[in-house]
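Visitor: In case you want the letters, here they are:
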Amino acid sequence: MNAAALEMISPSLSFDELTENFGLLDEWDDRYAYLIDLGRKLPELPDVYKTEATKIRGCMSQVWLVPGGTATDFRFAADSDSTIVKGLIAVLASLFSGRTAVDVADIDAEAAFRALGLEQHLSPNRRNGFVAMVARIKDDARAMAKS
Amino acid sequence: MNVAALSQAKLNFDVERIRADFPILSRKVHNKPLVYLDSAASAQKPRQVIETITRAYSEDYANVHRGAYYLSEKSTSDYEAAREKVRAFINAKSITEIVYTKGATEAINLVAASYGRAFIKEGDEIVLTTLEHHSNFVPWDLLRKATGCVLREVTVQLDGSVRIEDFAKVIGPRTKLVAVAHVSNVLGTVLPIKEIAKLAHAVGAKLLVDGCQGIVHAEVDVQALDCDFYVFSGHKLYGPTGIGVLWGREAILDTMPPYQGGGDMIETVAFAGCTWAGLPAKFEAGTPPIVEAIGLGAAIDYINTQDRVAVAAHEHALIAYALERLPEVPGLRLIGTAPGKASVQSFVVEGAHPHDLATVLDRSGVCVRAGHHCAQPLMEALGVSATARASFAMYSTQAEIDALVAALIKARELLV
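In order, the protein sequences belong to chains E and R. 1 is the number of the first residue of the first sequence in this note's numbering; add one for each residue after it. 1 is the number of the first residue of the second sequence in this note's numbering; add one for each residue after it.
Worth double-checking, as some hints may not be accurate.
Stated by the list, open to error - Under the rule of at most 25 Å between Cα atoms (straight-line distance), these lysine to any residue pairs were calculated in the SDA-like manner:
hint : chain 1 : residue 1 : chain 2 : residue 2
1    : R       : Lys102    : R       : Ile53
2    : E       : Lys50     : R       : Met379
3    : E       : Lys50     : E       : Asn21
4    : E       : Lys50     : R       : Ser385
5    : R       : Lys410    : E       : Leu6
6    : E       : Lys55     : E       : Arg40
Since the hints were derived computationally from the structure, they do not count as laboratory data.
Looking at chain E on its own, in the form it has when it is part of the complex:
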């Protein structure tokens, strides 16, 4: 498996732009529709990368995450069998991609998602693999920052 050949997620919108867009949507179904649409635009994670090593176990949905980039330009690729979690992955990419590994480890993802009105997905009891994904990204970033 050669992670370098894998297309990492390159968000087209910054997190601030996303925040602004979510802010324009008053209805929950519009926010979900937008979130799902963001997920659909993610590059596909080839099946070869969906391994036990990249899998993040959640109770209800599966997530696969492959870290990439450099200590000064953090990137990752990810996928999920849940449409909503894919959307959340896209939001996370806007939050984390292109930052330094040190920044990624420090970013308060919970506060960021609260700003988007998506904080329910960060509650540990959702157990959808998403919380574990944030933890994994931060671990990867910390490891990258040290190396």
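Got chain E sorted already, so can you dock chain R onto it with the hints?
Guide: Relative to chain E, chain R alone:
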């Protein structure tokens, strides 16, 4: 049920009167009326149970047994009165056969650890079905690891039904125990307990029934079922969490060693050796879930005030209605359509992850469960990783099923 009995049962049933007893049902979620379709995971509580718990703590509370003062005697008598209510509710012969546990899971673990370690040896066989809840699977796996016994599987048909002839094929001379659900928590399938009991007893095996879902949906008579152990949880039966029941035949419970040691379960304690209290205290070490037991008694009282035939007819009508309406959702596949099934319905919607469905339904105030429902072997056999599940209780209504269907159609438009 014949037509006359059914129409009489309908006359005796007023779901709005029942709903008025459940305070939580009048609340809103995300500014929408609550549509609670997760009663198979845990049922809501009527105010009669809530008030009993409040009263027990605010007026009648003290530790039970051996207290030589009024409050302890009162607490003990309420706690033991609940045991008698449980006995009568399942028609056990004696209150000595009613062991309080913290839930059905602990009850099964108790049997596996006590009966299992004492009487099940290497090469002995325990028969389970594919549809068992993890709580009626993992304790036996632990026993297998400890003793070298063998777990045998009775498989489930595609529609979720189980065939007695499949039990007949698997139960044999090496079978020591058969452990099955009364009603599947995923599929709603009702298992033929009496017939399974005959097969088990014919080879000298014991039968344990996981009654968590079964006792909710029909009257249970443990003597008529002819099983050897029957376990259930209070919280699925409109009672509190933290209380469950292990019923076992006295002659069997008598032969079993204690499960846990501590206060209340002993006769004498000495460095030379301890001796055990009689039944059921032998299995109730430590301060028990006092108010939880009293709350369970109140839940049983509440159920007894209902016409149970009418409640069963209502729940039967709900599942029939759900089976009719759910297929209106494009791409929806029903999982579990065995004849005579209980009011639990799993389904998947093509292209929509069950977890996403549940997340979106929640915004409409509709609570359903999504996941493997603690039944991974069954999910594997059905070829799905997860399902969504709606389950109905005595307070559920057809209008809630309408709300479910409407919310599912909307969720599907969003997700697919």
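Visitor: Checking against the hints above, which ones are violated?
Guide: The structure conflicts with hints 3, 5, although it agrees with all the remaining ones.
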